[in-house]
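Protein chains: 2
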Amino acid sequence: MMTVDAIVNDYKAMIDSQLATLFDQVTMNLKIKEAMAYSLNVGGKRVRPLLMLLTAEAFGTSTEKVMPVCLALECVHTYSLIHDDLPAMDDDDYRRGQLTNHKKFDEATAILAGDALLTYGFQLISEAELLTDEEKVHAMKRLSQVSGPGGMVGGQMYDLTYENKTISLEQLEEVHDLKTGQLLIYALEMGAYLSGQSDHVIQALKRAAKAIGLTFQIQDDILDVIGDEQVLGKKVGSDELNEKSTYPKLLGLSGAKNEKNIFVEETKKQLALAGIMDAPLRDYVLKLSQREH
Amino acid sequence: MMTVDAIVNDYKAMIDSQLATLFDQVTMNLKIKEAMAYSLNVGGKRVRPLLMLLTAEAFGTSTEKVMPVCLALECVHTYSLIHDDLPAMDDDDYRRGQLTNHKKFDEATAILAGDALLTYGFQLISEAELLTDEEKVHAMKRLSQVSGPGGMVGGQMYDLTYENKTISLEQLEEVHDLKTGQLLIYALEMGAYLSGQSDHVIQALKRAAKAIGLTFQIQDDILDVIGDEQVLGKKVGSDELNEKSTYPKLLGLSGAKNEKNIFVEETKKQLALAGIMDAPLRDYVLKLSQREH
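As they're listed, the protein sequences go chains A and B. Note that the first sequence covers residues 1 to 293 in our numbering. Note that the second sequence covers residues 1 to 293 in our numbering.
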């Protein structure tokens, strides 16, 4: 039997290779193609598409059916990173050790590449061959809801509004839920929906995904306090420096660790409610929540 | 019988009122809502939704059915204007006599408001009550194709690439087709598609829309040379100043006028092929091609 790591690595290799050739057969302006492909292929853990594939796998659904929606989700995630890195936003020169899109190209190109990736996400779903019209409509409706003004973009707006302000734990959770949680919810939700699962199962997985998102976030916050710069590959202490509201800041380090454990337990509980007890999905999620980089 | 002007004014009032209340019942971050609504309601001729409604009207299709797609198209058009005006792009402080989005708010907000409007366009179609799943999928597929990297965004990229360069008439036409033509094509195409028209009719209307787009563009270029600043409400001669490639520059003023007339004749011919001889759509289009502002 394959180990979870081997399964995850196999799926990740599939996702990477699909993303690497995504625009090969598509006619478009060469510069926009280059800029889109650059950020899409600069690396990354591919957490979102992996979560969707692993959820589909837990219900015996083929990778081929789900893949276009996975790729669409990664396009939307990547667009959000490109725009987030812009000088007017977080003003980052590097991401994952590589130049950010506007540094590699220029600001105008980065704005357009982000716009193009967002739009192309919808195109991928609308052109998917193995989905019914009903499935396509639902996948695009939910994608617009989780990524638009009522989802991720709304979260980024809250994030800007709250900059350098002291916020409550409730507000912190709302920002994280919108900014990063909603796309994670989409990953598990779609894996189950495209597998024809009941609303009961889908709702449990959405609650699991919400807990997973908060677990990841608290882990991120904790690593920024106690992480090893060598292992992380980035400077620690930047949250403190930027006066960012974080879980350790609001709850203390041990309070944050407790809070994380609560969400890990919630994740296990909701996955079990969805009938997922020993699938690779569960192992992958639990492993990520213990990661050190 | 109502005059064409009265019909168009009625439709425009409907579109304006729908856009003015578009987010009233929607839960989202208040600042992103304000920024989206600002640019959506700053005015404008509403050419794209009007063309779609008038096309639907020519085939006897209800306004109610087509309206969500009209509003989606205006959202996408508005997002493109917001991003186009950004400092990294055209760097415009005013549009239609009002502050541009990043001047009224700030750059980060304008980037997010554009992102949100683009995404919301897809949400509007996916949530439309009077469309079948098949119609929604086709409307979203075409919207992504005409506005994404193979359409409008690709055109903007060409536009940046060609800045301060001498280009051929062929290249000029390709830029205009992608940058502005594709959304106009979408307007007429969807008006006919949602009316259940044959592919023969839809193709004729797409050719008509392409000719309409080029007619408008040449008219724009001509007005920038010979227009009356008082009537236009903006400075003339800016194309010359910015060394932009235009029809008068490539063909001379009378050559440009001739070219425009060729496209007006093409428009009439294609509308006739689609069975549209004396509908308000035809009068509206021909009137716009003679406009002085």
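Careful, some of the hints might be misleading.
The list makes no distinction among identical chains, and a pair is therefore deemed to hold if it is satisfied within one copy or across any two copies.
Claimed, not checked - Heads up, simulated DSSO-like pairs for lysine-lysine below, C-alpha to C-alpha not over 27 Å straight-line:
id	residue 1	residue 2
1	LYS268	LYS244
2	LYS65	LYS31
3	LYS141	LYS65
4	LYS165	LYS103
5	LYS249	LYS12
6	LYS244	LYS269
7	LYS206	LYS287
8	LYS45	LYS165
No lab work stands behind these hints, which were simulated from the structure alone.
Okay, the hints, checked on the actual structure:
no.: 1; hint: LYS268 - LYS244; verdict: neither (29 Å within a copy, 61 Å between copies)
no.: 2; hint: LYS65 - LYS31; verdict: neither (30 Å within a copy, 38 Å between copies)
no.: 3; hint: LYS141 - LYS65; verdict: both (18 Å within a copy, 18 Å between copies)
no.: 4; hint: LYS165 - LYS103; verdict: between (29 Å within a copy, 24 Å between copies)
no.: 5; hint: LYS249 - LYS12; verdict: neither (34 Å within a copy, 53 Å between copies)
no.: 6; hint: LYS244 - LYS269; verdict: neither (31 Å within a copy, 62 Å between copies)
no.: 7; hint: LYS206 - LYS287; verdict: within (19 Å within a copy, 53 Å between copies)
no.: 8; hint: LYS45 - LYS165; verdict: neither (31 Å within a copy, 41 Å between copies)
This entry does not satisfy hints 1, 2, 5, 6, 8, going by the numbered hints stated previously.
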